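If you read the sequences in order, they're chains A and B. Taking my numbering, I'd label the letters of the first sequence as residues -16 to 93. Taking my numbering, I'd label the letters of the second sequence as residues 48 to 164.
Since the hints were derived computationally from the structure, they do not count as laboratory data. One or more hints might be untrue.
What the hints assert, rightly or not - When the alpha-carbon atoms are kept at most 20 Å apart in a straight line, the in silico EDC-like pairs for lysine to aspartate or glutamate are as follows: (1) A/K90 <-> A/E(-3); (2) B/K64 <-> B/E132; (3) A/K75 <-> B/D103; (4) A/K75 <-> B/E91; (5) B/K104 <-> B/E115; (6) A/K80 <-> B/E115; (7) A/K80 <-> B/E132; (8) B/K62 <-> B/D103; (9) A/K80 <-> A/D14; (10) A/K37 <-> A/E0; (11) A/K75 <-> A/E(-3); (12) A/K52 <-> B/E91; (13) A/K90 <-> A/E0; (14) A/K(-14) <-> B/E91.
In this text the structure is predicted, and so the values were computed from the model without any measurement.
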Amino acid sequence: LAKTTQPISMDSYEGQEVNITCSHNNIATNDYITWYQQFPSQGPRFIIQGYKTKVTNEVASLFIPADRKSSTLSLPRVSLSDTAVYYCLGTKLGTYKYIFGTGTRLKVLA
Amino acid sequence: GAGVSQSPSNKVTEKGKDVELRCDPISGHTALYWYRQSLGQGLEFLIYFQGNSAPDKSGLPSDRFSAERTGGSVSTLTIQRTQQEDSAVYLCASSLRQGARENSPLHFGNGTRLTVT
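Here chain B stands alone, though its shape is the one from the complex (with noise of 0.2 Å):
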């Protein structure tokens, strides 16, 4: 079975422009989570969404920052006007439910790494 599928694998860009990073989650998986992770850091939590819907924004370092996830599968993390600042690994991961007696494990891709020239 497949697992988390995130593109592109690198990305380099200049300031100033937009990128936007791809993730495929398992297929089934209802919650969805972006996270980022600088040189040698540990991960910073970005945003969750269980199916469509993100109920929790909080992470996002910007409003530069945007994702969306639609018919509850892909999800997309866009970032505008990119600074250098931005560089970093940009991981995802899936699980298959959050629920009141289960904590699903979380299932990441190998990430996006992002650089900013």
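This is chain A alone, in the form it adopts within the complex (with noise of 0.2 Å):
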């Protein structure tokens, strides 16, 4: 399974787009890139995910370049409910195995 890096904590002011980054230098060919959200005292939240290139839903956007080396998580204007803890997984196809890092704290301020 891909092992995935992401910054500890970010914090935002509402309106604004929010980027978070994730490196997987290790991903494999058939993995794909998942991203969840999980608020206090809640479990996490499916938000997206993709392969390659953009993926986009009501929710957010996934970029992943051609290297597939890393991506971007896009939350395109905050909300102060957008406050949250942003997870990126590398996850293989047939797999059950999910593994969830600490993820990212985000903070978005009014």
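Hints are included, so try docking the two chains, each in its own frame, into the full complex.
Below you can see the structure in the form of structure tokens.
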């Protein structure tokens, strides 16, 4: 499974775009990159998953360059309610062992 | 539609007692996972079920921990002779399937907060 590294914490202000970068230098050919969001006292929630290039949904965008050694989660115009921990995972097709690191603690300030 | 349900939401127990934590997955989800999260930490994988079978129990911290799943649905995580270091939030997740061509997202419950005094 791809080992991922991401910043421990980030601060942002309401209305700004936030980009959280995750590095995964040993990503394998059949690994996907998946992001989860966790609010206090709740379980993590799936945000987005991608293999390469760009994926966008109603919540976020995920950019994965051609070499796939890193990825960037982009949250447009964050609000206070986006304050949470964001986890980047390398997930292999057909695997069951999802490794959650300590994530990135995003704090959105007014 | 109901999400993953865990009970109890909070459990306080005395050191040495046994506890049972329950997880009701989303209906139709064949894969079920247990994780443990200590304060301010990431998630620690404990065990995975595909149907009623647990192909990998290597994440269970000790032989005091066991888990079962019946009818391909409800799962119970049992901790015997609890210790203070067992204090954590125990999270359950389910997913539709895990296959060679897809990874269905994990759907988590809100966890059981276990405090061992």
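inquiry  = Of the numbered hints stated earlier in the document, which are not met by this structure?
reply    = 7, 8, 11, 12
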